[in-house]
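4 protein chains.
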Amino acid sequence: MMENITDRDNALFEAGIKLGALYHQFTGSPISLRTADSLERAIQDSISVQPFVKSIRVSIDRSMVRSKLNSEFGYCELEGRMLDVRITVSYNSVLADVRLAYDAGLNYPLMKIEKVYSSEN
Amino acid sequence: MMENITDRDNALFEAGIKLGALYHQFTGSPISLRTADSLERAIQDSISVQPFVKSIRVSIDRSMVRSKLNSEFGYCELEGRMLDVRITVSYNSVLADVRLAYDAGLNYPLMKIEKVYSSEN
Amino acid sequence: MMENITDRDNALFEAGIKLGALYHQFTGSPISLRTADSLERAIQDSISVQPFVKSIRVSIDRSMVRSKLNSEFGYCELEGRMLDVRITVSYNSVLADVRLAYDAGLNYPLMKIEKVYSSEN
Amino acid sequence: MMENITDRDNALFEAGIKLGALYHQFTGSPISLRTADSLERAIQDSISVQPFVKSIRVSIDRSMVRSKLNSEFGYCELEGRMLDVRITVSYNSVLADVRLAYDAGLNYPLMKIEKVYSSEN
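Chains as they are written, first to last, in our numbering: chain W, 1 to 121; chain H, 1 to 121; chain B, 1 to 121; chain A, 1 to 121.
Chain W extracted, bound-state conformation:
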């Protein structure tokens, strides 16, 4: 076993929880260009109430939505690759910035750690 569990460990664990939760709660939601704004806001607000979330910004790629609109019915579903999400989690003295963004090379909605830092600086 390594050293004890730290604030840094918990900050990153909590940050992962938020991205996994957001993704699997909201992907699949029916969406059109007209409704992208309210869905962005609701996702942002919803995840912001969870423990340790200091800030969150959710952006849905309108051009991907447009390209996926069903030609018969005029809407599509929110897909993970349409999401760009930045979350800052705060756990005691540690802050972690994480992000979900589409990685074209991997063809994958990639979640990654961007920065881990002390709130005391």
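Since the hints were made in silico from the structure, they are not lab data. If you're wondering where the values come from, they're calculated on a predicted model, not measured in any experiment. Keep in mind that the hints are not guaranteed to be accurate.
What the hints assert, rightly or not - Straight-line alpha carbon distances no greater than 25 Å define the calculated DMTMM-like cross-link-like pairs of lysine to aspartate or glutamate that follow:
| id | chain 1 | residue 1 | chain 2 | residue 2 |
| --- | --- | --- | --- | --- |
| 1 | A | K54 | W | D103 |
| 2 | B | K115 | B | D61 |
| 3 | B | K112 | H | E114 |
| 4 | A | K115 | A | D61 |
| 5 | H | K112 | B | D103 |
| 6 | W | K112 | A | D97 |
Said to hold, decoys possible - Facing chain A, a subset of chain W residues (Cβ under 10 Å, in silico):
| id | residue |
| --- | --- |
| 7 | N10 |
| 8 | G16 |
| 9 | Q25 |
| 10 | I56 |
| 11 | C76 |
As the list claims (entries may be wrong) - Residues from chain W that keep clear of chain B, each with C-beta distances beyond 10 Å, as calculated:
| id | residue |
| --- | --- |
| 12 | H24 |
| 13 | T27 |
| 14 | S38 |
| 15 | R66 |
| 16 | N70 |
| 17 | E72 |
| 18 | F73 |
| 19 | D97 |
| 20 | L106 |
| 21 | Y108 |
| 22 | S118 |
Where a beta carbon is used, it is the ideal one built from N, C-alpha and C, also for glycine.
Here the structure of chain W is known, so what remains is to put chains H, B and A in place on it, guided by the hints.
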């Protein structure tokens, strides 16, 4: 076999689809009193883009949310019983009004048909 | 207003609820060829416990799963177009057979009523 | 800024993602005592295909399911508090054991880090 499938049949089938979809897409979303407004609006907008939806009104019971807020973390999850949803579906000449509302007697979030009528009157 | 609400109306409404629920509960689930069997079974079992479901058969298109597997990570997400679902709902004396299947012409996972009939024949 | 991002950081971030994903994908699923087995297995299999999951064990509390069965309809929905989940994530040389379990004191389905250790020992 009974007679052929009618517009009335399709209106009710489509109405059921919308309520089932709404329920299983959005229940489980983290929510607090501060974020109930944006979640209501996003649910309404999201389901409104689906085929045959003429109108939709979503209302989340704030007193149930308040009573379910976790005392440590200050939020809860959207539950089916917190939802009051009215949808009017239009399929050719037929309109159907359906509703999801908590039935206290059954202790169940009940979906039911309220009215089926012709759009030509 | 049309005539009163019938068993036939309710059978179709309930059938729609089940398909909408199934779709929005389970799409998005991580899946690979190895795990398609257990997901099929769980979806089938889960929806079978809902009111008025007489029978349900869920089939996931393995070739679509295979074509969607991420080349880096070896899995994908369950999409609506991968599903072929047949449900029979029974409401008093009325039976309704409904289906979810991918419609290539519409490029859409289409839900439709296949048959409505009396259980007394 | 603190030191660079480590394997340990990523192991914990990935572990959080899996628990958040599992929770928000599968809670809300209709369930009865008869179908708890197949839902457990499907959840386990589904999350096991995600990147960096070394092992996963999912257990649904039957006594909670029993106590929540609707008396009219004989089923309930999977709730987070019914879940006991243990996941081991492996990221390069680091292993992390995490868990989701109901915490009665907090009245909350708590996710926590149980152990972080090196795979080389």
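Do the hints match the structure? See the list:
1. In summary, the hint linking K54(A) to D103(W) is supported, as the alpha carbons are separated by about 24 Å, within the 25 Å threshold.
2. Distance hint between K115(B) and D61(B) is fulfilled; the C-alpha atoms sit about 24 Å from each other, no more than 25 Å.
3. Our distance criterion of 25 Å between C-alpha atoms is met by K112(B) and E114(H), whose separation comes to about 22 Å.
4. Annotation: proposed proximity of K115(A) to D61(A) holds, straight-line Cα distance about 24 Å (limit 25 Å).
5. The straight-line distance between the Cα atoms of K112(H) and D103(B) is roughly 29 Å, outside the 25 Å bound, and the hint therefore fails.
6. Of the pairs offered as hints, the one joining K112(W) and D97(A) holds, with about 20 Å between alpha carbons and a cut-off of 25 Å not exceeded.
7. For N10(W), the shortest C-beta to C-beta distance to chain A is roughly 7 Å, which falls under 10 Å, so the interface hint holds.
8. At its closest, the beta carbon of G16(W) sits 2 Å from a beta carbon of chain A; the interface hint therefore holds under the 10 Å criterion.
9. Look at Q25(W): its Cβ gets to within about 4 Å of chain A, closer than 10 Å, so that hint holds up.
10. Against a cut-off of 10 Å between C-beta atoms, the interface hint on I56(W) is violated, since the closest Cβ of chain A lies about 14 Å away.
11. With 10 Å as the threshold, the beta carbon of C76(W) stays out of range of chain A, its nearest partner Cβ sitting at about 20 Å, so the hint is violated.
12. For H24(W), the non-interface assignment is contradicted: its Cβ lies about 6 Å from the closest Cβ of chain B, within the 10 Å cut-off.
13. Listed as a non-interface residue, T27(W) fails to keep its Cβ farther than 10 Å from every Cβ of chain B; the least gap is roughly 5 Å.
14. Interface exclusion of S38(W) from chain B stands, the closest Cβ pair being 18 Å apart, more than 10 Å.
15. No beta-carbon of chain B comes within 10 Å of the beta-carbon of R66(W); the shortest separation is about 15 Å.
16. In this structure N70(W) is not separated from chain B by more than 10 Å, as the shortest Cβ-Cβ distance comes to only about 6 Å.
17. Distance to chain B contradicts E72(W) as a non-interface residue, since its nearest Cβ pair spans about 5 Å, not more than 10 Å.
18. Under the 10 Å C-beta cut-off, the non-interface status given to F73(W) relative to chain B is violated; the minimum distance is some 7 Å.
19. Every Cβ of chain B is farther than 10 Å from the Cβ of D97(W); the closest lies at roughly 23 Å, confirming the non-interface assignment.
20. For L106(W), the shortest C-beta to C-beta distance to chain B comes to about 5 Å, within the 10 Å cut-off, and the non-interface label is violated.
21. Separation of Y108(W) from chain B is inadequate, the least Cβ-Cβ distance of about 6 Å not exceeding the 10 Å criterion.
22. Every Cβ of chain B is farther than 10 Å from the Cβ of S118(W); the closest lies at roughly 33 Å, confirming the non-interface assignment.
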